[in-house]
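Protein chains: 2
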Amino acid sequence: MSSEVPDTGKKLVELARSVYNSLKTGEVPELIMPSRNRDNIVLDPMYSVWRYGESKVTRSAKYVDGAEYILKSLYMIEFILEMIKGSKTSTLREMYYISEGWKNGKFGTQDESDIMAEDLEVITSLMREDFRLRPEENGASVIGNLTIEEKNRKGEFKRINCKDDVGEGGYNIPYNVDQEKLKIVSSDADFVLAIETGGMFDRLVENGFDERFRSILVHLKGQPARSTRRLLKRLNEEQHLPIYVFTDGDPWSFRIFASVAYGAIKTAHISQHLAVPTAQFIGITASDIMNYDLPTDVLTDKDQQALQAELKDPRFLNDFWKSEIEAMLKMNKKAEQQALAKYGLDFVTDKYLPDKLSGPNDLGE
Amino acid sequence: MSSEVPDTGKKLVELARSVYNSLKTGEVPELIMPSRNRDNIVLDPMYSVWRYGESKVTRSAKYVDGAEYILKSLYMIEFILEMIKGSKTSTLREMYYISEGWKNGKFGTQDESDIMAEDLEVITSLMREDFRLRPEENGASVIGNLTIEEKNRKGEFKRINCKDDVGEGGYNIPYNVDQEKLKIVSSDADFVLAIETGGMFDRLVENGFDERFRSILVHLKGQPARSTRRLLKRLNEEQHLPIYVFTDGDPWSFRIFASVAYGAIKTAHISQHLAVPTAQFIGITASDIMNYDLPTDVLTDKDQQALQAELKDPRFLNDFWKSEIEAMLKMNKKAEQQALAKYGLDFVTDKYLPDKLSGPNDLGE
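Line by line, the protein sequences give chains Z and E.
Just so you know, we're using the numbering used here here: the first sequence kicks off at 1 and counts up by one.
Just so you know, we're using the numbering used here here: the second sequence kicks off at 1 and counts up by one.
It is possible that some hints are incorrect.
Which chain Z residues face chain E? A few, computed with CB under 7 Å, are given here [as the list claims (entries may be wrong)]:
{"#": "1", "residue": "91"}
{"#": "2", "residue": "94"}
{"#": "3", "residue": "103"}
{"#": "4", "residue": "150"}
{"#": "5", "residue": "167"}
{"#": "6", "residue": "172"}
{"#": "7", "residue": "199"}
{"#": "8", "residue": "222"}
{"#": "9", "residue": "293"}
{"#": "10", "residue": "338"}
Far from chain E, by Cβ distances over 10 Å, these chain Z residues were calculated [claimed, not checked]:
{"#": "11", "residue": "23"}
{"#": "12", "residue": "42"}
{"#": "13", "residue": "62"}
{"#": "14", "residue": "66"}
{"#": "15", "residue": "84"}
{"#": "16", "residue": "95"}
{"#": "17", "residue": "116"}
{"#": "18", "residue": "152"}
{"#": "19", "residue": "158"}
{"#": "20", "residue": "166"}
{"#": "21", "residue": "170"}
{"#": "22", "residue": "171"}
{"#": "23", "residue": "173"}
{"#": "24", "residue": "295"}
{"#": "25", "residue": "309"}
Below 20 Å or equal to it, Euclidean Cα-Cα: the simulated SDA-like pairs (lysine to any residue) are [as the list claims (entries may be wrong)]:
{"#": "26", "chain 1": "Z", "residue 1": "88", "chain 2": "E", "residue 2": "352"}
{"#": "27", "chain 1": "Z", "residue 1": "158", "chain 2": "E", "residue 2": "208"}
{"#": "28", "chain 1": "Z", "residue 1": "342", "chain 2": "E", "residue 2": "352"}
{"#": "29", "chain 1": "Z", "residue 1": "72", "chain 2": "E", "residue 2": "295"}
{"#": "30", "chain 1": "E", "residue 1": "88", "chain 2": "Z", "residue 2": "344"}
{"#": "31", "chain 1": "E", "residue 1": "11", "chain 2": "E", "residue 2": "40"}
{"#": "32", "chain 1": "E", "residue 1": "56", "chain 2": "E", "residue 2": "208"}
{"#": "33", "chain 1": "Z", "residue 1": "10", "chain 2": "Z", "residue 2": "106"}
{"#": "34", "chain 1": "E", "residue 1": "333", "chain 2": "Z", "residue 2": "109"}
{"#": "35", "chain 1": "Z", "residue 1": "11", "chain 2": "Z", "residue 2": "126"}
{"#": "36", "chain 1": "E", "residue 1": "233", "chain 2": "E", "residue 2": "147"}
{"#": "37", "chain 1": "E", "residue 1": "106", "chain 2": "E", "residue 2": "149"}
{"#": "38", "chain 1": "Z", "residue 1": "10", "chain 2": "Z", "residue 2": "124"}
{"#": "39", "chain 1": "Z", "residue 1": "106", "chain 2": "E", "residue 2": "342"}
Keep in mind that the hints were calculated from the coordinates and are not lab data.
Here a beta-carbon is modelled for each residue, glycine too, at the ideal position from N, C-alpha and C.
Build the full structure now, drawing on both the sequences and the hints.
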């Protein structure tokens, strides 16, 4: 995958030209891509991450649906080429509204345009960021001894240390963290701790965890945005930093970990750029709930279903997860990471995290 | 209201002592405070903001409920005093979990502890930030030519220019923006533009609106956090900057404007520190939807009910709002600020905002 703008433009023009050429030679234009269905997801043995399998779908202009799909793709390609030319970017929502001006090409819902943007990624092996498209919200934060250079609006690189040059709120991760936009200059840290909730991120910042344990703290903000996962991947690869994931203890948090470590179904075509298979889970487990006698909530029906689904999910197929998921189902309880405050505001940094980071649990995953 | 720690501690100790003294002299302890009911909200004629009226409630130890309430308040006061001593802060959620250790004082739900923290504000005329309590998430961003100094973890003030010293994500507003924590050093701007959605905030940043129109851009992030509203108030008062509010066109966005301009019911006891009565609405109106033929959605039942409620809300009692709310009900449609993208990515900065900022509409409020 390249993130250089000229290549992106070239690839998109080629795609449009292939449709044009089909029409010129009297063939029916079609677009072929991997099926993005749950059934077509496999764990890549080489990278240990999700990717799409061999099953394909064809969008053919032979059918009205397919013809409309191809038309809309061409409008989208034109819009992206305009943005490249004008050095613009757009939110996915803006692109949906922009399509109001595309005769016969207007999207019915934003879901439709979002999925088409992902399809274009799949077809071209490029990334949404190359298309200059961004999600509505990003804004997860980083605090720690990490120095980066971010390209500003004037095209100059601005150097920022994520400990000394920022306020208490930390450094805001921009939507695009590829090499062209963000350079990782240096880090004086031993590991990265990715944290699910803002409350816990702030707790570790206040308790000076990043300085005491030479770490970079990254707020995941729930299910992490692409840019957050990609930055974790780059910190892991370029700075050789291990990634630890600290979440609540419930099935949704386990999924957050899995998406960091192995990728998500929606983005399986770019897992190799987003997923960190060596990431280690140090979030709240069923064992922690018992051992620390944490305040809990009862599992809802949806929680139970999600845990049952995880038992069949290839990403959770090992002894650690099997026993933890079964234990959680049996005790019928879940707990939040902030529940550790039962033992005071310092318990998480004085006891819980040091134990997890040195104990056998961190090898469980 | 003072934010000096010793005063906060002193006031809280006094409150605890009053309970102790009642008990010693054989009286039944009680706490008296304004009723925080919707019925007891009045528009303060002096500040033009919401405040509580004359109606009072008494929590008396004569009743089991009242006795428990007073006991829990004392535990909470003790916890706050400990935080002051240890230079700690806590999320509201952490405090809820901390209460697990309070015999007979454990809160049933976080709602209960959140409301009690607000009650303590009302009783002491202090603010939650003085109690070192913070919400789970803050993190709205600022971009523009504003220089502030924020106190870091080591107690040193760090100078940050919100245009030159930050990345594309901007400066993250910390949870506490009082004088002790954050100094506004200078701003080279003519006005502040507060923006509802992240997508639109990013659009204005990319289009260089802050430089072309000498403005400070503040992301409201939906219904704005206290810290965001307080920063707007301080920019208005200390830097004499007018505040413009740019939102979607729906009843919930009108409420966002009202909470910035006149305060919210939940925080009516501190409206004078949070609300900017001179704030002007330049969000999407029913007239805009018609004049610009914007893409719309049909009003839901809840939207309609909210608009009807606004017609009776004293904060919307003027000709501008009456006619806009009635027009929206009549057309039965709403629109998002990003719907302006129908006319391209530059329309909002080339046409919509310049018109609104110079037109008669900005005097409508």
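Comparing the hints with the structure gives:
| no. | hint | in the structure |
| --- | --- | --- |
| 1 | 91 | holds (4 Å) |
| 2 | 94 | holds (4 Å) |
| 3 | 103 | violated (13 Å) |
| 4 | 150 | holds (4 Å) |
| 5 | 167 | holds (4 Å) |
| 6 | 172 | holds (2 Å) |
| 7 | 199 | holds (4 Å) |
| 8 | 222 | violated (10 Å) |
| 9 | 293 | violated (10 Å) |
| 10 | 338 | holds (5 Å) |
| 11 | 23 | holds (28 Å) |
| 12 | 42 | holds (34 Å) |
| 13 | 62 | holds (31 Å) |
| 14 | 66 | holds (26 Å) |
| 15 | 84 | holds (13 Å) |
| 16 | 95 | violated (8 Å) |
| 17 | 116 | holds (17 Å) |
| 18 | 152 | violated (7 Å) |
| 19 | 158 | violated (7 Å) |
| 20 | 166 | violated (8 Å) |
| 21 | 170 | violated (6 Å) |
| 22 | 171 | violated (7 Å) |
| 23 | 173 | violated (7 Å) |
| 24 | 295 | violated (5 Å) |
| 25 | 309 | holds (28 Å) |
| 26 | 88/Z with 352/E | holds (19 Å) |
| 27 | 158/Z with 208/E | holds (17 Å) |
| 28 | 342/Z with 352/E | violated (52 Å) |
| 29 | 72/Z with 295/E | holds (18 Å) |
| 30 | 88/E with 344/Z | holds (11 Å) |
| 31 | 11/E with 40/E | violated (25 Å) |
| 32 | 56/E with 208/E | violated (50 Å) |
| 33 | 10/Z with 106/Z | violated (25 Å) |
| 34 | 333/E with 109/Z | holds (17 Å) |
| 35 | 11/Z with 126/Z | holds (9 Å) |
| 36 | 233/E with 147/E | holds (16 Å) |
| 37 | 106/E with 149/E | violated (39 Å) |
| 38 | 10/Z with 124/Z | holds (10 Å) |
| 39 | 106/Z with 342/E | holds (11 Å) |
When each numbered hint is compared with the structure, violations occur for hints 3, 8, 9, 16, 18, 19, 20, 21, 22, 23, 24, 28, 31, 32, 33, 37.
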